[in-house]
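Student: All chains should be built: construct the whole structure from the sequences, respecting the hints.
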Amino acid sequence: MTTVVKNEKVLEVKNLRTYFYIQEGELKANDDLSYYVNKGESVAVVGESACGKSVSALSIMRLIPYPPGIIVGGEILFQGKDLMLATEAEMRHIRGNSIAMVFQEPTTSLNPVLTVKRQISESLELHRGMDKNESFQETVRLLKLVGIPDSEKRANDYPFQFSGGMQQRIMIAMALSCNPSLLICDEPTTSLDVTVQAQLLEIIDGLRERFGTSVITITHNLGIVARYVDRVNVMYAGKIVETATTEDLYANPCHPYTIGLLASVPRLDVSKKKSLRMIKGLPPNLAHLPGGCPFHPRCDWAMPKCRLEYPPLEKVGENHYRACFAELSKLKKQ
Amino acid sequence: MKDNTHLIEVENLYMYFPVTAGVFQKRIADVKAVDGVSFYIKKGETLGLVGESGCGKTTTGRCILQLYEGIKGNVYFEGVNLANLKKEQMRKMRRNMQLIFQDPYASLDPRMTAGDIIGEPIKVHHLASGKEYREQVEELFRMVELEPSMAGRYPHEFSGGQRQRIGIARALAVRPKFIVCDEPVSALDVSIQAQIIILLEKLREEMGLTYLFIAHDLSVVRNISDRVAVMYLGKVVEITHSDELYANPLHPYTIALLSAVPIPDPKVDRTRKRIILKGDVPSPVNPPKGCRFNPRCQLAIDICREVEPELKLVGEEHWVSCHLVKGTGVTANPLVR
Chain X
1 MTTVVKNEKV LEVKNLRTYF YIQEGELKAN DDLSYYVNKG ESVAVVGESA
51 CGKSVSALSI MRLIPYPPGI IVGGEILFQG KDLMLATEAE MRHIRGNSIA
101 MVFQEPTTSL NPVLTVKRQI SESLELHRGM DKNESFQETV RLLKLVGIPD
151 SEKRANDYPF QFSGGMQQRI MIAMALSCNP SLLICDEPTT SLDVTVQAQL
201 LEIIDGLRER FGTSVITITH NLGIVARYVD RVNVMYAGKI VETATTEDLY
251 ANPCHPYTIG LLASVPRLDV SKKKSLRMIK GLPPNLAHLP GGCPFHPRCD
301 WAMPKCRLEY PPLEKVGENH YRACFAELSK LKKQ
Chain W
1 MKDNTHLIEV ENLYMYFPVT AGVFQKRIAD VKAVDGVSFY IKKGETLGLV
51 GESGCGKTTT GRCILQLYEG IKGNVYFEGV NLANLKKEQM RKMRRNMQLI
101 FQDPYASLDP RMTAGDIIGE PIKVHHLASG KEYREQVEEL FRMVELEPSM
151 AGRYPHEFSG GQRQRIGIAR ALAVRPKFIV CDEPVSALDV SIQAQIIILL
201 EKLREEMGLT YLFIAHDLSV VRNISDRVAV MYLGKVVEIT HSDELYANPL
251 HPYTIALLSA VPIPDPKVDR TRKRIILKGD VPSPVNPPKG CRFNPRCQLA
301 IDICREVEPE LKLVGEEHWV SCHLVKGTGV TANPLVR
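Keeping their order, the protein sequence lines are chains X and W. Those letters in the first sequence? Residues 1 to 334, by the numbering used here. Those letters in the second sequence? Residues 1 to 337, by the numbering used here.
Everything labelled a hint here was simulated from the structure, so no lab data went into it. Among the clues, some could well be false.
As the list claims (entries may be wrong) - Taking lysine to aspartate or glutamate pairs in the EDC-like style, the calculated list, with each CA pair at most 20 Å apart, reads:
#1 LYS273/W x ASP269/X
#2 LYS177/W x GLU147/W
#3 LYS278/W x GLU202/X
Tutor: Written out as structure tokens, the structure reads:
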């Protein structure tokens, strides 16, 4: 949680459209997507699998594989500069240096045949121009920072000699090696145990506080979001359907999908007697989206209008927007 | 069998997997996956089994179904000691006990149609044939809320949630009394998780099933279980009623585990005290001396490093193995009343 939020946008994604052209046709992974991150702020992009949340991160890094994917339109303003216009050489300078990323599966993201030291010092030598000795000292310092004990010795180990949680710490150390101004964490704790998850989230949050790094957390876990994030963007089928401050979103969800999502999460503090509610149906295939609002087949409040038009983002409160036609008073009744 | 309200009784269960080395595959050590576990499951109840990865919860579930060679200890099913059964007898017994797997992508044969996958157990156990067989398969599709017209499709044509429904239908095909659900929802999306949990609960009520629900997600377990057993490094450290465990956890590991689970509500979660456990789970090849949790326990005292604590009764059906928790002095073993 941030105490001071400066209203200085580090990153602003505007009307981003990333499409994939596959056999089934045009797949709109990000369709008119807009969100922003302030300096030192922690923002979440929440959604289920295949809603396009990871694609939005890869788009920011300009890592969308072409073919089949291509950014069709939109702006990605990073520190005022449009990354869409940057050359590949400029992007290479930004990646890892100013914007760093932590991926979901540390086991597959780390190179198994290189020592941890080699992998971390690579970006130190490339981006920060350190020599071998300096980069080793810095690697050891970084490993200490993310809580790897005996880091001088362990720097010479290979990834397989570390547990999943330790590997993810190494990923975080690597991401932090060049003091990035923006850290994108794509499902950072998904395959890990709750105890390890808690350790890692504390580390990331501590680093954000210490260095003023902005953090985008991409996740499906509404629990993580509650504690560590300032603002939440809820994504469904390639679009943002609701955005609000964390407190506001949990206390006053205004989109049927958000309401359904919150009701379907089992809670530790609610006993068995209070039953779960579920969202009916399945998430849609992005290549065959239903017309109008893509959520309408699963929505309890769907009206004829919802099948025809996509609802625009409307303001429902301070910093709180949603894309839905249903009347607010009706949503609250259930 | 000590109590006929119990469907399953597990008594001093041990499962060691050998670690071998050298040309002659000499046994140099053992992975002590399950190291002396005892508990019971009552008829019609759901027992949750939680713990971090590598704590032996899946192995415990599979030992109950006798899926390994070299299991030590007794498993009673309706009073029958499964350890004494011959292979053929055990095969027949398995009709009563089924398994639902974690990964719906890996657990279904990609070359079989959904209808064949669900119907296979009926054929294997010669339960029906011809028209009756087809009717039963159709009925199973409906039970898990899938369209019987989907029977001709292959697994890759289904989504994760639908595949898990196929896995559940297959388990139900032989009309079992007991099902081991091994992380049945952890690979699924949040909205689909809720659908599967609700389905499992409905089936349990309708068919009078008993579940052993293995999961690492304590919020899911709380939602579905009547009682919960917490495992750490091959041992049960605490076992009690679901509500009691969450309201009054006594083992330091349970307390830390519960505090690490995020609650999806910023007002509640940000005011909770969080205990961050240091380090990782030690190796089950060389578990620490004394209490296995002592290297990570903030409260550990001298005795914890020397003497292994036993499960002791501390309240109504509440057992804890910790030196710092005072027992009622009644009994140490949850099987003995």
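Student: Check the hint pairing LYS177/W with GLU147/W against an upper bound of 20 Å on the C-alpha distance.
Tutor: Status violated; Cα separation ~25 Å.
Student: For LYS273/W and ASP269/X, compute the direct alpha-carbon distance and say whether it is at most 20 Å.
Tutor: OK: LYS273/W and ASP269/X at ~14 Å, within 20 Å.
Student: Below or equal to 20 Å on CA atoms is what counts here, so check LYS278/W against GLU202/X.
Tutor: 12 Å, holds
In this structure, the one hint that does not hold is number 2.
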